[in-house]
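Each chain, written out:
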Amino acid sequence: MAQPPAPSVHVQAEDFDPGREQALLTRGRRDIGALVSFVGLCRDEDGALESLELEHYPGMAEAEIARVADQAFERWPLQGLTIIHRFGRIRVGERIVLVIVAARRRADAFAAAEFLMDYLKTRAPFWKKERRVDGAAGDWVEAKSEDDAATERWR
Amino acid sequence: MKALYFAWVRERIGLAEEEIAPPGDVVTVRQLIDWLSARGEGYAAAFANPATIRAALDKTHAGPNAPIGAAREIAFFPPMTGG
Chain D
80 MAQPPAPSVH
90 VQAEDFDPGR
100 EQALLTRGRR
110 DIGALVSFVG
120 LCRDEDGALE
130 SLELEHYPGM
140 AEAEIARVAD
150 QAFERWPLQG
160 LTIIHRFGRI
170 RVGERIVLVI
180 VAARRRADAF
190 AAAEFLMDYL
200 KTRAPFWKKE
210 RRVDGAAGDW
220 VEAKSEDDAA
230 TERWR
Chain A
336 MKALYFAWVR
346 ERIGLAEEEI
356 APPGDVVTVR
366 QLIDWLSARG
376 EGYAAAFANP
386 ATIRAALDKT
396 HAGPNAPIGA
406 AREIAFFPPM
416 TGG
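Protein chains in written order, with my numbering: chain D, 80 to 234; chain A, 336 to 418.
Please keep in mind that the hints were generated in silico from the structure rather than gathered at the bench. The reader is advised that the hints may include incorrect statements.
[Claimed, not checked] Residues from chain A that keep clear of chain D, each with C-beta distances beyond 12 Å, as calculated:
| hint | residue |
| --- | --- |
| 1 | Glu354 |
| 2 | Pro357 |
| 3 | Pro358 |
| 4 | Val362 |
| 5 | Thr363 |
| 6 | Ser372 |
| 7 | Ala380 |
| 8 | Asn400 |
| 9 | Ile403 |
| 10 | Ala405 |
[Stated by the list, open to error] Below, in silico cross-link-like pairs of lysine-lysine (BS3-like), each with a Cα-Cα straight-line distance of 30 Å or less:
| hint | chain 1 | residue 1 | chain 2 | residue 2 |
| --- | --- | --- | --- | --- |
| 11 | A | Lys394 | D | Lys208 |
| 12 | D | Lys223 | D | Lys208 |
| 13 | A | Lys337 | A | Lys394 |
| 14 | A | Lys337 | D | Lys208 |
| 15 | D | Lys223 | A | Lys394 |
Cβ atoms here follow ideal geometry from the backbone N, Cα and C, with glycine treated the same way.
Isolated chain A, as found in the complex (with noise of 0.2 Å):
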């Protein structure tokens, strides 16, 4: 799946975008993130905080619990502050 990141998650991460394959055990967004978490310094920094880290699937917001199915793209990023 493709996982996009924004705002200062991609600064950290040092990636706008990438191709990821998650084991299957990796079900939720949760999950995801803790597994991403491990992959590196600038992962771990960019999630270190996973109240401040929201996500979507298919362009749609999607909470931590939610089920990753799938979705073919997952989006990682900062509270919003548009308007």
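Just chain D, with the same shape it has in the complex (with noise of 0.2 Å):
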């Protein structure tokens, strides 16, 4: 059996396109049965928020996802797998994260899309902070016990 290709991480300012990732972690492959895609939007939290700013350490952005990246290659049979997650402004529609799982069986798949996202929550260094419509100075969002509780799920 062919060796699936490396993860594929980005941390980047610029946009993605979830339809071009996605042909380009299957092209010319056979192999793969399901591909699972999230993508993660900012929201506007019922009209008070403007954007957000992203705060990332660089290098261990990187260092940190592809360690759990790595982590759910050991855990699920997986084809394939492409990360991007970006950093600075990004406005109230826009998107911030892409995890795009391939395997050849949609359980696979699916698991590891959500390992994956509750994971990068909670161990990926980044920081949001808001910036409001009114322009009132924002808070720096802060870390959700529910995240911590469903990261733990997986130990």
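Work from the hints to combine the two standalone chains into their complex.
Here it is in structure tokens:
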């Protein structure tokens, strides 16, 4: 059996095209039966939010996402993986994060995608600061205990 | 060693990074936090609640009891909110 390609991990300011990334991941492949794609967007918090400023730790962000990706490959039989996480200013409605998991079977692809997002939220070094519509100084988004709980259930 | 600060830790200290030279009896991450806290008001504010502080040694997560050892870089930041 051929080795699946190494996970593709990108940390970037620019937007990404999920359709293009899916096409890149599956191009020329005949072994993939399931593709699960998750896109995280910047929501407006009931109209209060104008944008988010995402700070990150360059170098560690890439390394930590790669470590989480390796764990996913150890836990599930996966055929490919693409993760893109943006930093900088991200306006309401824009894309923040992309996870695409390719597997032979959908159960593995769904589970790995959920695992990856749970881990990214609590382990990847990114921090969100709010910019509010009314111009008031926004707060740093606080980590949620339910995100920690979601990560814990994979242990 | 180089110390890096992110998000509100950076804002409270007023620096994104600096060179630090902790004394030899500062062995663990927790001891380094205590040592930094004594350096001034901003540091004390940043590290007032250790439960909300996360650390990384050479770009790898490290708990409060982790030995600093020969790490070249230590980073302090709040719990992460990516994704």
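- Query: Which hint numbers does the structure go against, in order from smallest to largest?
  - Reply: Hint check: nothing fails, all pass.
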